[in-house]
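Colleague: What follows is the residue order along each chain.
There are 6 protein chains.
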Amino acid sequence: MIEVVQYYEDYNIGDQRTTPSRTITETDIVMHAMHTGDFFPHHVDAEFAKKGPFGQRVAQFSLTHSIGIALTAGKVNPKAFTYGFERLRFPNPVFIGDTITTIVTIKEKKDDPKRPEYGQVVEACEVVNQNKKCVSYSEHVLLVERKEKNII
Amino acid sequence: MIEVVQYYEDYNIGDQRTTPSRTITETDIVMHAMHTGDFFPHHVDAEFAKKGPFGQRVAQFSLTHSIGIALTAGKVNPKAFTYGFERLRFPNPVFIGDTITTIVTIKEKKDDPKRPEYGQVVEACEVVNQNKKCVSYSEHVLLVERKEKNII
Amino acid sequence: MIEVVQYYEDYNIGDQRTTPSRTITETDIVMHAMHTGDFFPHHVDAEFAKKGPFGQRVAQFSLTHSIGIALTAGKVNPKAFTYGFERLRFPNPVFIGDTITTIVTIKEKKDDPKRPEYGQVVEACEVVNQNKKCVSYSEHVLLVERKEKNII
Amino acid sequence: MIEVVQYYEDYNIGDQRTTPSRTITETDIVMHAMHTGDFFPHHVDAEFAKKGPFGQRVAQFSLTHSIGIALTAGKVNPKAFTYGFERLRFPNPVFIGDTITTIVTIKEKKDDPKRPEYGQVVEACEVVNQNKKCVSYSEHVLLVERKEKNII
Amino acid sequence: MIEVVQYYEDYNIGDQRTTPSRTITETDIVMHAMHTGDFFPHHVDAEFAKKGPFGQRVAQFSLTHSIGIALTAGKVNPKAFTYGFERLRFPNPVFIGDTITTIVTIKEKKDDPKRPEYGQVVEACEVVNQNKKCVSYSEHVLLVERKEKNII
Amino acid sequence: MIEVVQYYEDYNIGDQRTTPSRTITETDIVMHAMHTGDFFPHHVDAEFAKKGPFGQRVAQFSLTHSIGIALTAGKVNPKAFTYGFERLRFPNPVFIGDTITTIVTIKEKKDDPKRPEYGQVVEACEVVNQNKKCVSYSEHVLLVERKEKNII
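Chains as they are written, first to last, in numbering that gives the first Met the number 0: chain A, 0 to 151; chain B, 0 to 151; chain C, 0 to 151; chain D, 0 to 151; chain E, 0 to 151; chain F, 0 to 151.
Rather than coming from a laboratory, the hints here were simulated on the basis of the structure.
Small disclaimer: the values here were computed from a predicted structure and weren't measured.
Don't take every hint at face value.
[To be verified] Derived lysine-lysine pairs resembling DSSO-like cross-links, with alpha carbons at most 27 Å apart: (1) E:K78 <-> D:K131; (2) F:K74 <-> E:K49; (3) F:K148 <-> A:K132; (4) A:K74 <-> E:K78; (5) F:K108 <-> E:K50; (6) F:K78 <-> E:K74; (7) C:K50 <-> D:K109; (8) D:K78 <-> D:K109; (9) B:K78 <-> A:K113; (10) B:K49 <-> A:K78; (11) B:K78 <-> A:K50; (12) F:K74 <-> E:K113; (13) E:K50 <-> F:K49; (14) E:K113 <-> B:K50; (15) F:K106 <-> A:K132.
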């Protein structure tokens, strides 16, 4: 975890970074079922999953999202904090043994309606598997301090 | 986990259900840091947190969201599946020992632009603590099979 | 978890329900060894197990019993509580990857010698694997409130 | 874990041993809920438990039994194996922070109806807390090889 | 995790860095007992520990060492790998709730007797608690690629 | 865990014992990454590891050391405590599914420079895999009480 100070003005649309990767193991899926308490058969019943559309167990959406976003946490900006997430989608399944990576692209910058000292930065977070297929997409909206705060 | 069949037509705007509750313990926060690999000091460094705005460690957003949504999983509808989440927000922090509950309200119903056999049902998911303060809000968009599919 | 009120009078001998299923993974066996602190080679030493009667590692009895009974917890009766368990047996081994399900049958009803306001209901809990072989059997004795309490 | 060879003839009624002890922490209760998938409010909802008969969360029966029996596993007899458990009871609750110990007493020895080369040894397993109150009782029935096998 | 390329020549004796911090919770100690299988009463029996020299449970040495070294892993040098550790000591105990930080100081540089293309860099790793007391000391010996490899 | 009292005088150079064994599963490696927070790709990124020198993921050094030493904890000597570890090395990798065992040999006995009532006993701890290859070596230095304390 490295701290890098970045003000609103320092973000450029189109900037992109790629995180380290992580293999989603059976352990991850079982532990996420345990932790959340959601034991849906799609995740923890191999016999049921065998007969389903994918022929095998799949990772939970909240697992893919939680780990996908946590992969971006190697770099921390003390001038920014999370406002929320938009448009969370899961276009493809994650199977046991898939390796995921997150690609973060600065997608949009805009004024915050209520906080003149901050601007909103929208990071498009694409979690992809080892075949470059997108398994989770979301837009992470950050509130970032402005360098120049006295805009009158 | 109880299976209850519900078609698009069976959802009524304003319908509401309240889930069982769960206390978010230090164990949950430590395990979520472990599982996601995000060891931000706000969650795992008590000395740092003592000097922060809350005076103590706080739960991760993805923990609150993951468990908050998993609490709704006691009732399963085999005719519905997750399309995505919108407007994920975290208005108040969750502290060690807080007890959370999710209130699910049917907020909106609309046609799906690409799939005439399905409709979109939007569930507003409000996760509240023991003082009825909202700690996480999101809109869970479901695709739900329609009873009457031949709309020409 | 769904709450369903059932008085002693509402139980009928022969009533049966089948729980959701769960695959017992290597993760479950390793975590149960960790949690209980029992690292018997039958469960955690693959080389030892290879030479044993089953040719592979087997799940712990207390894992099979704990998860087998927990699978029945989707339906909760606020009028009943556990008195104890009888005749706990483990007729067949559980291997990594086996999927277990619990079949609960109301086997017996009888007066409680000390508590006239309650009756004893005996649930036969058969945990079976994907080949319908019984891997754990026990009799769960419940104390259940009677509707009619003034028997004089 | 120490291996000690003991034949049926080597067990004496009344022999007793006391295991090491272990404190049942909040972590143990939360992890057992996770592992089994049983999130009953008595174990994981502090607000609910506050209003209940004990005024606080209690450990799961299967946690107390699983750890109580695992504590006895420091000494292993390669000539014995588990036949089953009888009369499993939970006379007192286990609270967060209680320290449990298991007292094993040889209670009974008897012929096995089907296996002349083995005898049944019944170990009374009393799990007690730091105040010597019994929190779990069970009778662990072992099948133990006989030294003298040719009884004709 | 940030990758920073550093050759043998780039290390300077006396260079120092301080890692992020982490609070060692009861969860960490219980999970480490579980993971390693070492349930010594000093770590998991609160009643025993109450009567010991520290009056409370203490963290395992291997926990303090494992987490203390892992805290240094935020910065990775692809030109270096671990040769081993020397002089591992534990001068003060770690209690539940203590917050640890690792201070890494380049202590020594020397030729490797067998590998002319590498040099040995010794990092003194001091793990300190929130009161700046050293709880673990070790010397992490790295083999680091030299920029100039053809020294004849 | 069995307590065996041994004074300094009772240790003999060359004495050797072999611990029970344990298979290092994917679960162990994933959980150790989680617990320590070190998600190096060598341990948790199967795609990266596929292209590395071993063609697969390897266990963390601190995992091998922690479990290797914990395996020796079945026998406890209340007259001894850990002074430190020397010469920690990792000559061969541990892969998922390898089974490790620790061989403890009394290597050296010497006076402690500051504590006349104790002597130092050096245990060479060799952790070997199922093919008898050494995967971790360290020298565990113990301070052991002397039977005869008044040496003047």
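Colleague: Are the Cα atoms of K74 of chain A and K78 of chain E separated by 27 Å or less?
Modeller: holds (22 Å)
Colleague: With a cut-off of 27 Å on the C-alpha distance, tell me whether K113 of chain E and K50 of chain B pass.
Modeller: violated (50 Å)
Colleague: Quick one, are K78 of chain B and K50 of chain A close enough, alpha carbons at most 27 Å?
Modeller: The given pair, whose Cα atoms are some 17 Å apart, holds under the 27 Å limit.
Colleague: With the threshold set at 27 Å, check whether the alpha-carbon distance from K50 of chain E to K49 of chain F stays at or below it.
Modeller: Violated, at about 51 Å.
Colleague: Has the given pair, K148 of chain F with K132 of chain A, been kept, meaning a C-alpha gap of at most 27 Å?
Modeller: violated (71 Å)
Colleague: Tell me if the straight-line CA distance from K78 of chain D to K109 of chain D falls inside 27 Å.
Modeller: holds (16 Å)
Colleague: If you draw a straight line from the CA of K78 of chain F to the CA of K74 of chain E, is it 27 Å or shorter?
Modeller: Between K78 of chain F and K74 of chain E the Cα gap is close to 41 Å, so the pair fails against 27 Å, i.e. violated.
Colleague: Checking one constraint from the list: CA of K49 of chain B to CA of K78 of chain A, max 27 Å. Satisfied?
Modeller: holds (19 Å)
Colleague: Do the alpha carbons of K106 of chain F and K132 of chain A lie within 27 Å of each other, as the hint requires?
Modeller: Given that 27 Å is the threshold and the Cα spacing comes to 56 Å, the pair is violated.
Colleague: Taken at face value, is the distance from the CA of K113 of chain A to the CA of K78 of chain B at most 27 Å?
Modeller: violated (41 Å)
Colleague: For the pair supplied as a hint, K50 of chain C and K109 of chain D, is the alpha-carbon distance within the 27 Å limit?
Modeller: It is violated: about 31 Å lies between the C-alpha atoms, which goes past 27 Å.
Colleague: Can you confirm whether the C-alpha distance between K74 of chain F and K113 of chain E stays at or below 27 Å?
Modeller: violated (39 Å)
Hint compliance for this structure: hints 1, 3, 5, 6, 7, 9, 12, 13, 14, 15 are broken, all remaining hints hold.
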